[in-house]
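Taken in order, these protein sequences are the chains called A and B.
In terms of my numbering, the first sequence opens at residue 1 and continues consecutively.
In terms of my numbering, the second sequence opens at residue 372 and continues consecutively.
Hint data in this document are derived by calculation from the structure and do not stem from the laboratory.
Just so you know, these numbers come straight off a predicted model, no measurement behind them.
Any given hint might turn out to be false.
[To be verified] Taking beta-carbon pairs under 7 Å as the criterion, some of the chain A residues facing chain B (in silico):
id	residue
1	Thr57
2	Pro73
3	Met80
4	Gly100
5	Lys105
6	Ile106
[What the hints assert, rightly or not] Some chain A residues close to chain B (C-beta under 7 Å, calculated; not the full set):
id	residue
7	Thr92
8	Arg183
9	Phe242
[Unchecked claim] Covered, in the sense of this in silico footprint (three residues per stretch, anywhere, with C-beta under 8 Å from a C-beta of chain A), are these stretches of chain B:
id	stretch
10	389–401
11	577–585
C-beta atoms are modelled at their ideal positions from N, C-alpha and C, and glycine is treated no differently.
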Amino acid sequence: MASVLLKNVYKEFDGGVIAVSDFSLSVEDREFIILVGPSGCGKSTTLRMIAGLEEITQGEIYIDDRLVNDVQPKDRDIAMVFQNYALYPHMTVYDNMAFGLKLRKIPKDDIKRRVTEAARILEIEHLLDRKPKALSGGQRQRVALGRAIVRDPKVFLMDEPLSNLDAKLRVQMRVEITKLHQRLNTTIIYVTHDQTEAMTMGTRIVVMKDGFIQQVDSPSELYLHPVNTFVAGFIGMPPMNFINTTIYDEDGELKVKFGSNVITLPADKYDTEEVRNYIDKEVIMGVRPEAISDTPDDVAASPTTVFDADVDVVEMLGAETYVYMTHEGYSLTARVDPMATVSRVGEPAKFRIDGRRIALFDQETEQAIIT
Amino acid sequence: MDELTKSIRRVGELLINTVGVVDDTGLVIACTDESRLGQKDREAVALIESGDTFRVTGKNTWQRLATRPGLNYYCFIEGSDPVALDYLGLLSEWLGLAVRDWGNESRRDNLLRNVLLQNELPGEIASKARNLGIIYTASRICILVRLEHRDTGGECVEVIGNLFPDRETDYVVSIDDRNIVLIHTLTPDDSGEVNRIAVEIRDNLSTELMTKVSIGIGMPAYNLRDCARSYRESALALEVGGLFSRDRSIVYYEKLGLGRLIYQMSPTLCKIFLDEVFPNDSYEALDRETLNTVEVFFACSLNGSETSRRLFVHRNTLVYRLDKVQKITGLDLRNFDDAVLFKFASMVKRYLERQGGVLGGAPNWLNRP
Ligand SMILES: Nc1ncnc2c1ncn2[C@@H]1O[C@H](COP(=O)(O)OP(=O)(O)OP(=O)(O)O)[C@@H](O)[C@H]1O
Ligand SMILES: [Mg+2]
Numbered sequence: 001m002a003s004v005l006l007k008n009v010y011k012e013f014d015g016g017v018i019a020v021s022d023f024s025l026s027v028e029d030r031e032f033i034i035l036v037g038p039s040g041c042g043k044s045t046t047l048r049m050i051a052g053l054e055e056i057t058q059g060e061i062y063i064d065d066r067l068v069n070d071v072q073p074k075d076r077d078i079a080m081v082f083q084n085y086a087l088y089p090h091m092t093v094y095d096n097m098a099f100g101l102k103l104r105k106i107p108k109d110d111i112k113r114r115v116t117e118a119a120r121i122l123e124i125e126h127l128l129d130r131k132p133k134a135l136s137g138g139q140r141q142r143v144a145l146g147r148a149i150v151r152d153p154k155v156f157l158m159d160e161p162l163s164n165l166d167a168k169l170r171v172q173m174r175v176e177i178t179k180l181h182q183r184l185n186t187t188i189i190y191v192t193h194d195q196t197e198a199m200t201m202g203t204r205i206v207v208m209k210d211g212f213i214q215q216v217d218s219p220s221e222l223y224l225h226p227v228n229t230f231v232a233g234f235i236g237m238p239p240m241n242f243i244n245t246t247i248y249d250e251d252g253e254l255k256v257k258f259g260s261n262v263i264t265l266p267a268d269k270y271d272t273e274e275v276r277n278y279i280d281k282e283v284i285m286g287v288r289p290e291a292i293s294d295t296p297d298d299v300a301a302s303p304t305t306v307f308d309a310d311v312d313v314v315e316m317l318g319a320e321t322y323v324y325m326t327h328e329g330y331s332l333t334a335r336v337d338p339m340a341t342v343s344r345v346g347e348p349a350k351f352r353i354d355g356r357r358i359a360l361f362d363q364e365t366e367q368a369i370i371t
Numbered sequence: 372m373d374e375l376t377k378s379i380r381r382v383g384e385l386l387i388n389t390v391g392v393v394d395d396t397g398l399v400i401a402c403t404d405e406s407r408l409g410q411k412d413r414e415a416v417a418l419i420e421s422g423d424t425f426r427v428t429g430k431n432t433w434q435r436l437a438t439r440p441g442l443n444y445y446c447f448i449e450g451s452d453p454v455a456l457d458y459l460g461l462l463s464e465w466l467g468l469a470v471r472d473w474g475n476e477s478r479r480d481n482l483l484r485n486v487l488l489q490n491e492l493p494g495e496i497a498s499k500a501r502n503l504g505i506i507y508t509a510s511r512i513c514i515l516v517r518l519e520h521r522d523t524g525g526e527c528v529e530v531i532g533n534l535f536p537d538r539e540t541d542y543v544v545s546i547d548d549r550n551i552v553l554i555h556t557l558t559p560d561d562s563g564e565v566n567r568i569a570v571e572i573r574d575n576l577s578t579e580l581m582t583k584v585s586i587g588i589g590m591p592a593y594n595l596r597d598c599a600r601s602y603r604e605s606a607l608a609l610e611v612g613g614l615f616s617r618d619r620s621i622v623y624y625e626k627l628g629l630g631r632l633i634y635q636m637s638p639t640l641c642k643i644f645l646d647e648v649f650p651n652d653s654y655e656a657l658d659r660e661t662l663n664t665v666e667v668f669f670a671c672s673l674n675g676s677e678t679s680r681r682l683f684v685h686r687n688t689l690v691y692r693l694d695k696v697q698k699i700t701g702l703d704l705r706n707f708d709d710a711v712l713f714k715f716a717s718m719v720k721r722y723l724e725r726q727g728g729v730l731g732g733a734p735n736w737l738n739r740p
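Okay, chain A solo, but in the shape it has when bound (with noise of 0.2 Å):
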């Protein structure tokens, strides 16, 4: 159990490559925060500056309020879970877990019961005298864990652990994580480049990009409150529709146009001193997918919001369905409910956004104005 903390961390790499900038986060005792981004924007630097495997370049990092820039490693007291996890394959699940303890010295009975206590969380007691060939992935994927636990380290760190299984078992090691944060009852830092399971588990957010913080937030906040462009788009499933568009004013009332579709901004929330500093300007607005529908009741209910747009794909997936369409170049996506939606492949319909639900970006500098 410790907190973690970070100051300005940056690290450059020899020839140049700075992959982690300015980089300040104070992770609370017992907390379970996920760092997300896309391939190469520093998550695993980031994981393994706390490590102590990469030197940090400027910054500094505390461990529960004690500098550890130049702690060794292992006197960090802080253990580590990889995606490319290998058991050893001729030891029991027994010997895997007991094995860095042995390597460390440690007396037999205190291993004893540090495994007996991890296998126990884990609930694979009754597989602690398998070997690695007889288990399931995850089962495997516990018993990795479980080497991790052994240790009773101050923090984990967890870089992207659940990439290498299949999608079904991932959802379910999803759970088993949050669960096993709750019964450790210690500080995890999770990497992960799926947004999904970021949104899943975690309770705080750290979303990167190019080796910048962009935003720390809950799921929620992330999602219907995102500071720029990239957090829109990079979260949520499919991703935000993003329109290049100009606000205007038209009688006092604040407007948006695309193609030929003028959509007017409710004056409750848009009109404000912020959205009228856009008048004339180029801005970018931003529409879940969700708050696109295509019903004549939603339709008729709130005609200063509709456009029309040609229906390209309807793709049925179960409880949603994703309606693909464009307009003038422009293409957006909508997802409705296949119980109520109206789309036909290859013919126009009208489609109604959710008023209260328009984001607006600065197309030069990508924050948000309002969300």
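We have chain A already, so just place chain B with the ligands on it with the hints.
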């Protein structure tokens, strides 16, 4: 892990009494109490001198191991009660077998190390290998693991040995306290195998020992003698990769790219080339920010909008920085030929600068061709 250590660990799990083995100089070579490893045992020395096969000393009972004639190894157990004596009888048989194997293992280790370091007469390798049960003709590859800190060498060998425990296909040879080689027999038709192994080794050492390593990978060898070449390649990969490649943790000899060429250039040629491309040391006049911009610009395949997005700068800022590079060095990086020249020259520069430091880390026999 060798057979003897394995057996002793097993004994430690089964018995509470301390049990150990000493060699013919009285050195503890295996013991359930690992803190005693490597110590000279005074009782043992006295016993060996006497030539007795059995003796009860203060706390322990001793018995000569049933091994080869001429090998005076002893095993001891804590206690002298009848049960302990019964155990001792069994142990001396069992551990005797392990010691015999242990001898074989260390001879095998020596042979392999000598093969890799080319200290073995080529004509003798095949027959020596046969005697030790090593197949001579097989497709193998050398994977060189270099530790950042030398203090975990022994443990690393153990971890790797246990990840690949099959002694028919995998040999772990420790070259010195920072360099460990895994000689792995290739499975036919498994192209991802080597990379998987390298990643597994790297990540497991991080997990178990929190140790950072870099890994060099040679080309396949088709017989044991040829493994020396595969090993040299793996070492060269680490050396050259350490200078030029992006992700240095795993480097392939077959993927050294431009680094392979630069590495062959003499320092004089490097200097002449640099003077030509960057006259008056103009490269030195470029600040860090500009250099990073160039790096990203190259990484984005000279695509300006992509670069400014990646760097979070305005397009004009990028143009300004590229203009600056042109003013200082005379090279317009938006022009492909100039970009190539800059890229190559900056690699040469890095090579010259770091040659001393990094090459010093390689084993000293590895001289430049
Ligand atoms: N040893 C190294 N030397 C030079 N550059 C490196 C090194 N390791 C990583 N990088 C670079 O640093 C950047 C960040 O890498 P990092 O591995 O942290 O990304 P990541 O977010 O974990 O990506 P992924 O999702 O693919 O694992 C990348 O551009 C990468 O090429
Ligand atoms: Mg990564």
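So, going through the hints one by one against the coordinates:
1. Thr57: Nearest chain B Cβ about 11 Å off; hint violated.
2. Pro73: Constraint on Pro73 (chain A) satisfied, holds at 4 Å.
3. Met80: holds, 6 Å
4. Gly100: Holds, about 5 Å.
5. Lys105: holds, 6 Å
6. Ile106: Violated, about 11 Å.
7. Thr92: violated, 11 Å
8. Arg183: violated, 21 Å
9. Phe242: violated, 14 Å
10. 389–401: violated (count 0)
11. 577–585: holds (count 7)
Of the hints listed earlier, those the structure fails to meet are numbers 1, 6, 7, 8, 9 and 10, in rising order.
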